[in-house]
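Asker: Sequence:
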Amino acid sequence: MNRRGADAPLVGLDDELEATLGIDRLARMELMLRIESAFRVRMSETLVQQAVTPRDLLDALDVSQPRETSVPCAMPAKPLAAGAVEIPSKAQTLLDVPDRAMCS
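Quick note on numbering: numbering that gives the first Met the number 0 labels position 60 of the sequence shown as 59, and the sequence is numbered without any gaps.
Calculated directly from the structure, the hints in this document are not laboratory data. Check each hint, because a few of them may be wrong.
Stated by the list, open to error - Computed beta-carbon distance windows for the label pairs:
no.	residue 1	residue 2	range
1	G21	T45	16 to 24 Å
2	P8	D58	21 to 29 Å
3	Q49	D6	29 to 37 Å
Built from N, CA and C at the ideal position, the CB exists for glycine as well.
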């Protein structure tokens, strides 16, 4: 359930961020900050703003630059190699993807 008490729809990698998921430019920036924190990276703001789908955000994450910060779960000391983490194809929210991929 989401915070409003209703079941949240599953999010697919090819769902449209704005049209389907209702994620506007401001919400993208918040999402980007959360992804950066979860993965200890700096993402391209331009790539995030140009993203149409969660898959595009994943691609932006893939080319992001590592940074050193603390994270709420155990993370590897080095950036992950491509394909090193199995990215879930469905999640309750976009914020669940880092949790399911890295913190499970």
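Asker: Against each hint, give a clear statement of whether it holds in the structure.
Answerer: How the hints compare with the structure:
Distance hint check for G21 and T45: the Cβ-Cβ separation is about 22 Å, which falls inside the suggested range of 16 to 24 Å. Between P8 and D58 the CB atoms are about 23 Å apart, so this pair conforms to the stated range of 21 to 29 Å. Checking the proposed 29 to 37 Å range against Q49 and D6 shows it holds: the Cβ atoms sit about 31 Å from each other.
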